[in-house]
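Peer 1: The chain contents come next:
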Amino acid sequence: MVDQLVRLLTLQDANTRIVLVGTTLLGVAAGVIGCFAVLRRRSLVGDAVAHAALPGVCLSFLIVGDRHFAAFMLGALVTGMVAAAFISFVKTATRIKEDAAIALAIGGFFGLGIVLSRVIQNQASGNRAGLDSFIFGKAATMVAGDAGLIAAVAAAVLVAIAVFYKEFKILCFDKDFAASQGWPALTLDLGLMALVCICTVVGLPAVGVVLMVSLLVIPPAAARFWTERLGTMVLLAGVFGGLAGLLGTALSATIPAPSSGLSRGWPTGPLITLVAAATFAVSMIAAPRRGIVSDVVRRATLRSRISGQNFLRRLYELLEPGGDLSVTWTAAEIQRRDGAGTSHLNGQIRSATRAGLVAPRAEGFALTARGQAAAASVVRTHRLWEIFLITQADIAADHVDRDADQIEHVLSPEILASLEAKLTESGRIPLGVPVSPHETGGGRKG
Amino acid sequence: MVTSTGTEVADATKEAVCVEVHDLTVAYHRKPVLWDVDVSLPERRLIAIVGPNGAGKSTLIKAVLGLVPLASGEISIFGKPLKAARPLIGYVPQRETVDWDFPVDALDVVLMGRYGRLGWIRRPGKADRAIAMESLEKVGMADFAARQISQLSGGQQQRVFLARALAQDAQLYFMDEPFAGVDASTEKAIVEVLRGLRSAGRTVVAVHHDLQTVPEYFDHVVLLNMRLVAAGPIESTFTTKNLQQTYGGRLTLLEEAAEAVRRGEPARR
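Chains as they are written, first to last, in numbering that gives the first Met the number 0: chain U, 0 to 445; chain A, 0 to 268.
Isolated chain U, as found in the complex (with noise of 0.2 Å):
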């Protein structure tokens, strides 16, 4: 099987090479209109056009009478855009929302095209239509023609997005702002969802009716984890999409099928779906700043900062007021003289010894000068934030410790700045580190 895939990637035989080649083209223009699509809200309007196919093609085969690759594209583009014409129809002209608007479009049209897939079925010629392989995909009926259109498709769609990318960014971040500098709004919002029409369209044989939105909004969901940026946003959907389409073809003609029943081989329409997918939830996962992995991270890092900050303080308050700071301590003493948990003490004296704001004594630890430092920094700013609370958010003061637990360690140096400049100017606060406006824990036992 390995083989038979690196057969297939290397593009040994004639036939796949034009089926991959194909998907692949798919898969880059899907990728990038999508982008687009998604952030301009259409992409299920995209679903509906892709839905809204199949009736189209049925009726290009009554009519043709024969499998004609560019008249069901023809007619599939026809009743795309009639059905896109449609739900912005029913949208303005009534008071149905969008998404019923979508739903209506889906199954009424959806169901025309089953039903005239039967009928053709029935039909002596029918089994010469090949209609299955628009519901769900098959790209191992494509041949050199179709791989061409799409080719074709593809390389109109990226040219398009290329010349045209100032004017859908405008389009798609600010509609109206872009309809008052004099851009038709209108007409672009027309050019793009034809753009995905056309895309959905020559995508339907490979992909298949029912997963072709999802080649549209996957790749550029995925992306989108990655990127700040729309320009490169659009690469990578572009890279994601091209590798669904490339990987799910080389799958489907490679893996065997699991019973003689199924000897037609698989669809690629889920396959190259399932790869997009694996691509989201790789990027969902592992993507830096807006993955998951990437935020649990943070929290956990902020916990620690917390956690360590909150065990400076403890030490500072204990020796309040003015206490030698460089004295040696040991857990033990430290639960004995404030009475709190030891809960994470060993764990907080480890981490601190670590960043060098604590250094081992002979029996126990001391705070070392940085140590020292950090402890007063600490405390003043938790009680600046609670004399700020007290003063002019008028919070009682037997409230404000856990608020300023709470804030204390977030406060960006500017904010801090602010925070001090106008408890200074109000006289509120002395120089060093200000009292504390309630009761503490070295207050109460020392």
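Derived by calculation from the structure, the hints in this document are not laboratory data. Keep in mind that a hint or two might mislead.
[Stated by the list, open to error] Which stretches of chain U does chain A cover? Using the computed rule of at least three CB atoms under 8 Å from a CB of chain A, they are:
1) 163-170
2) 179-188
3) 216-229
[Unchecked claim] Per label pair, the in silico range of CB-to-CB distance:
4) 152/A x 287/U: 51 to 59 Å
5) 136/A x 305/U: 55 to 63 Å
6) 164/U x 53/A: 32 to 40 Å
7) 349/U x 215/A: 37 to 45 Å
8) 234/U x 21/A: 46 to 54 Å
9) 339/U x 182/A: 18 to 26 Å
10) 22/A x 98/U: 53 to 61 Å
Quick reminder that beta carbons are idealized off the backbone N, C-alpha and C, glycines included.
Using the hints provided, position chain A relative to the given structure of chain U.
Peer 2: Here is chain A on its own, set in the frame of chain U:
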């Protein structure tokens, strides 16, 4: 007062007019939201559009900008039809109308202010970037140029929108609630920018919600409540009587009639 503009035209101290609205009616889903508005706005002034919720303030701006279809009426800007006047117009839409998680940074957004001048296909160049940076500087946001826009606070986002309008280098600005939901320092910064525009001979028409600051920030006021109540300089127009007419005396009949037009049936009580 608008009724007195006729006499003012004859006045020797007559001001140049930049926006002339004649018999404007706008309807959404056939229901009229603005009735027969006649108003002319003077040049080189800071002009507030004031009125209760649903008075049609944003609609008036959008109608003048051609963003909503007119049921009737004519609009001219600097004596020209809208199409010819577009390059002279800048716009600050309401902040909530866009998706702030869009993958662009602050500078990208401000550069969009240059798109109108660039025309089709041409991309913004060095000169446009310089103008965009300058605009960000004017609103105190130069340090945030490379920040993704969702990372900005509400006030900062509003400033970016203002900078985008400044980058348009327009003669006449329409701003839809530029002070909505901003912090005190942003409000101050925006007022500074507006005054700067006025001293540079530009005109600003802004939907404004805070009645207290109207006389402080603006020179001229348009009082609106589905129809024009009054328009003119603050001193003569921003009066208790006019405000009562705008906010207090609701013309329920007007609303009932609008509802009847929407239903396509005679009005009922």
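Peer 1: Does each hint fit the structure? Answer for all of them.
Peer 2: Hint check:
Note: the stretch 163-170 of chain U has 6 residues with beta-carbon separation from chain A under 8 Å; the three-residue rule is met and the coverage holds. Given as covered by chain A, the stretch 179-188 of chain U passes the check, having 4 residues with a CB less than 8 Å from a CB of that chain where 3 are the minimum. With a cut-off of 8 Å between beta carbons, the stretch 216-229 of chain U has 5 residues touching chain A; three or more are needed, and the interface restraint holds. Separated by about 23 Å at the C-beta atoms, residue 152/A and residue 287/U break the suggested range of 51 to 59 Å.
Checked against the hint of 55 to 63 Å, the pair residue 136/A and residue 305/U fails, with Cβ atoms roughly 37 Å apart. In this structure, residue 164/U and residue 53/A meet the distance hint of 32 to 40 Å, their C-beta atoms being roughly 39 Å apart. Hint check: residue 349/U to residue 215/A, Cβ distance near 59 Å, so the stated range 37 to 45 Å is violated. Taken as a hint, the range 46 to 54 Å holds for the pair residue 234/U and residue 21/A, whose Cβ atoms sit roughly 50 Å apart.
The hint said 18 to 26 Å for the Cβ distance between residue 339/U and residue 182/A, and at roughly 38 Å that hint is violated. Range check, residue 22/A to residue 98/U: about 38 Å between beta-carbon atoms, so the 53 to 61 Å window is missed.
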